[in-house]
Structures are given as structure tokens and as C-alpha cells.
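> All residue numbers in the sequence shown are consecutive under the UniProt record's numbering, ending with 661.
Honestly, the hints are just simulated from the structure, not real lab data. Incorrect hints may appear among the rest.
Calculated pairs, SDA-like style, for lysine to any residue (alpha carbon to alpha carbon, straight line, at most 25 Å) [what the hints assert, rightly or not]:
hint, residue 1, residue 2
1, K507, V615
2, K192, L124
3, K251, I230
4, K514, D541
5, K183, E109
Quick list of simulated restraints, FRET-style, between CB atoms [what the hints assert, rightly or not]:
hint, residue 1, residue 2, range
6, D568, K488, 33 to 43 Å
7, R222, K567, 51 to 61 Å
8, D541, F207, 55 to 65 Å
By construction, the Cβ of each residue, glycine as well, lies at the ideal position given by its N, Cα and C atoms.
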Amino acid sequence: MLGLGRPQLKARPSLLDLITTKHTLTQPSPPAELPPLPDSPSSTTFTHSVSPHSTQASFIMTSDDSENNGSIFSVSGPVVVAENMIGCAMYELCRVGHDNLVGEVIRIEQDKATIQVYEETAGLTVGDPVTRTGKPLSVELGPGLMETIYDGIQRPLKAIADQSKSIYIPRGISVNALDRERKWEYKPTNFKVGDHITGGDIWGSVFENSLVNDHKILLPPRARGTITRISPAGSYTVEEKLLEVEFDGKKSEFGMMQTWPVRVPRPVSDRLAADAPFIVGQRVLDALFPSVQGGTVCIPGAFGCGKTVISQSVSKFSNSDIIVYVGCGERGNEMAEVLMDFPELSITVDGRKEPIMKRTCLIANTSNMPVAAREASIYTGITIAEYFRDQGKNVAMMADSSSRWAEALREISGRLGEMPADQGFPAYLGAKLASFYERAGKSSALGSPERVGSVSIVGAVSPPGGDFSDPVTSSTLGIVQVFWGLDKKLAQRKHFPSVNTSISYSKYNAVLDKYYEKDHPEFPRLRDQIRELLAKSEELDQVVQLVGKAALGDSDKITLDVASLLKDDFLQQNGYSDYDQFCPLWKTEYMMKAFMGYHNEAQKAVAQGQNWNKVREATADLQSALRNMKFEIPEDEAEISAKYEKILQSMTERFASVSDE
């Protein structure tokens, strides 16, 4: 017992000596206030403030309290060490320096706290104040998230630009994430005074925009009680208290907005097996390497391979209700491109065209922003995605790119003096990535009525030089279920999407076969045939390089020629054309039927003794028809399906006539 107690007995006098003798460097509270510091109600404050329905008022109340002030001890890039921080908690939000820069506690040692600062730290000096807020880094969740662009810590960039009249983000600026003045049309559900309500229950809805026309208002997961007051339908701001709940003699009030700590996954009632396909509109991905709604996808590739175009294609055309696009450490021009393209693109809903920006939330944390905020932007994005999942929606989250986040972890880990692992990355890199990807999935939400939602994560990875043995890529591949590997050589040949079919894979094929049985019964068979054909053509290519094509038999020549057709006119897709930027599943299936039908009929003709060169010449117009299938704009399904059926019919007749000759 004495051995355990000795460090505690020595720690207090050393702190008192430090404050009384070296007061020139720091600005602590006077010695008279020291005894209450250990009894600081940090645990209760932190627990209370973690509550997802706490408001920003807690910071305003505590910011002037001298008890919560520490001071800067040292500065190293984005990492600041503060002293006199007894009572602070891990991942507590702090305001650093006279500019009130946002930071987060990532290590506590005696009375010192190590803080990673999410803004530029130039100009901070030893002795500057550090203010504790008593709450973790949290995001505001409620109506108004759609059509908004935030930075990594959920500050709305448009509001900052309007307020500061500058193209740069001023340091320490604090702007509410959700507009406090805008009024929303609120409709209550069937709840009335006296009813019992529990976490996750839907007690109202809001018309946010014409695409998200039913934004559900949920009771925060940790709240419950009996309703003592509920407001009637009308126009309200997100801050106005519309619901009063009493539990255990204590009353709590709730508005349309709630807050939630970003590092804590939002609870669900049950995890479900994903069974519906995540359609992205790229033939090579939907046909050969499909994902599911609630799945995890990794897109690794070197520079210029088309990662961002695939990510943007997923954002534009996937069959998701909500898109959360996180630009994490990539070029600012890519976010600018998204902002320019998305308002012009539209999807058809109930016969009317709507801009897809209405279902999109953008989080921009580009390469010229502070590195520490990259981690925050990833967590901010996934928390917003989970909020919409709890409403029963299918959400797709794009993280472009998780390599930049890992590089930020490496930099901060190096500044903290932690033991480096492979290529200087921290040893806990795999655990960090897993904790992020594991927040994806399909689940049933808490509360009533019952609803099922999903979060799908598509993470782009940028390995240096396209080396897939990079620690970030190899760690990610151990976690995700779908791998869309991009090939630099294909990209150099202008073959886009540059997905290498020999290294890519999907572990969801068996799961999705049950889904295809209903509407697309031939899909799994055609997919397996195309895979076999492409794999065989890879082997034959090596033989051709050694002995030449003339040495091959007719059957092998057919395999090579049809594989060439597939690569040029099925796997390739022009993402900037109106006919090919999105390919629905029915069009993909018809093209698969036609290409494999041609292959099978040609093999039959050769097996019956026909010469392949003659057959190929006799069916040249059929090959041309196959090449032209992708040029049909997929708007009228019935009309285009009739055209495709005609091609399939003429193919059977033509090969029959060739065989008769």
C-alpha cells in the first residue's frame, strides 16, 4: 500500500512547487485554489456532456471558469502539451491559445495533457491559456445537414465565408454546424402527453428538401421517460424545445437537434446480414465484383488511376438514399469539382428530376488543411452517416483517401515519440482502421417504429507508387470484404475504370446470388462464365507472346477474341458520357447475355467443324451490334430491352445459317 501511495503523495508538492516557483512561465490559478482541483467533478461533467442531447451552452458556461484553465507547456507542430490539466478526460475538447483553437486531448500524464490541435498552431507560445470544455468532440445532428459543405470538425464553410468575408478560414472561428435561424416545418407523430418514450423513438418529422422529404426526428439513444409536453405541428428552429420528457422525477427537454460524440458508434438494436446489392453503375464492378448495402469496399490505386472518378461515380449514381462524401487529405480541386458537378447532375424520383446535391453532405478536409483534422473528418462523416441509418435510410460514405489519414497518424505518432512499426506507421494502425470500417453494416434501429438502415463505406487508398504491400493497403485488405484493385498499366492505356480483374475480388457473391434468383436468375452463371473467360485469356496471352496467335487452336482464338470484345466494350466505360456514365443492372445483364451468347454459339460452330476465320467474317455485323450495345442511353427500359432481344434473336439465327453452310 505504501508503495502505491508514494507517487500520489509526492505529486502534489511538486505541482505546488512548480506553480509557486515558476510562475513566470505559466499562468495558473493561485495556490489557495489548489486543494479543490483533485475533487473537480470531471467525471460527472464529462458523463453529462457526452449525453447526445447536451447543447453548446456547456462550453459557454465553463469557458470563463479559471478552474478549467491550463497553460501551454510545449508546442510541436499540431501537438501541444498543456500543464495544470488535472481532471481532464481522454478525447476531451479543449480551446488552445488566445485564438481559441480547437483541440482534443490524446494523452494524459500526471498534470500534463497532450492535445492534437485541429487548426494551424503558428503563433502559439508557452504560457498561453488552454481552456477545457468538459465534453468530447461532438457533431450536431438534425435538419439542415443535406446540401451543406463542412470542414473536418463540422464547421459550415459557406457560413464561415459569409461571416469572415475571406477565402481563408480564420483561426479559432466558431460557427454553429446547423443554422439556428432557419425554420423547419415540423409534424409530430402519434405520441401524446402521458405516453412512454424511449431512445430512438421517432416523435416527429421534417420536410428537409424534395429528395429528403421525411427527415425523422429521433429521441437521443440514451434518453427515456414519460412525455409531459409535445409541441403541435408548425414552423420551428432546430434549437426550440418541442418535447419535454420526465424520468425519475427529472425533466428533460429536446429539440429537433441532438449532438453525439464522434468516436462513439451510435447504438443499434440488432446487426443484420446484408442481402441487397450496392449498385454503383459501373459494369465491371456491378457484374464481377459487387458489394452489398452495408458493405465495406477498398479502392487502392496509384496516382492517376481513377480512384476519385470511381468515388464520385458512387456518390452520383449509387442506389443509396444519402451520400456522405469525405475529402480527407486529397486535392482541393477534387472537392471543387464535386461542388460544381453535383448541382448539375439529377436523378429521377417519382417522374421528376432532382439534383443529387439534395441528398449529399460534403466534408472537405483537403491536403492543405491541418493534418490532425483528417482523423476528425473521418469520424465526423461516419457519425452523420449513422444518424441517417438510424432513420431507416441506406447511406453510402466515401472516404478519399484513408492513406492521408494514416499519414496524419504517422506524423502525430512520431511527435508523441511512440514506437514506430512498418514504414514508420504506428503499431495500432490496423486497429484504428478496423474501428472505422466496423461502423459499416446493415442494422435495425433502436426505438419504434421498426426500421432497417445501412451504412456502406467506400474507402480510397493511395499507396505510394501503387505498391499494394503498403501497410495501409494490407491492413485495409484484412478488414474490407470487397477489393477493387486499380492498375496503373490499364490507366496508362486509357482503359477506365482501370480495375484489374485478376487481382480484384468480392466476398459477397454467394450472399447476392439469392437476391439475383428473383429478378436476374441468369446473372450468377453469366458472371462466373465471364470471369473464367477473362482468366483463361490472361493465360493464353502469355502463350501468344511465346509462340504467336497462329499456333493456337480455333477454340482458344475465340476465347481471345471474345475477351478482347469484353475488355473494350463491356469492362470499359466512359464516365463523362450521357450513355455510359451509369449502367443499370438490366442493361448490364443484357450485355452479359449477348457477349457470352456470341462466345457459346461460336464455340458450337467451331466444334461442328467450321473455320473460326470464316465464322468471324460472316458474323462481323453481329460483333458491330455487340460493340454498339453500350451506346444506348438507358432511359426507356422497355424500348431498349426490345432492341437487345432482337440482337439476341438475330445472333441465334445467324449462327444457325452459318452452321448450315
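> Against each hint, give a clear statement of whether it holds in the structure.
A quick look at each hint next to the structure:
no., hint, in the structure
1, K507 - V615, "39 Å, violated"
2, K192 - L124, "53 Å, violated"
3, K251 - I230, "13 Å, holds"
4, K514 - D541, "35 Å, violated"
5, K183 - E109, "46 Å, violated"
6, D568 - K488: 33 to 43 Å, "19 Å, violated"
7, R222 - K567: 51 to 61 Å, "54 Å, holds"
8, D541 - F207: 55 to 65 Å, "57 Å, holds"
Taken one by one, the earlier hints fail for this structure at numbers 1, 2, 4, 5 and 6, listed in ascending order.
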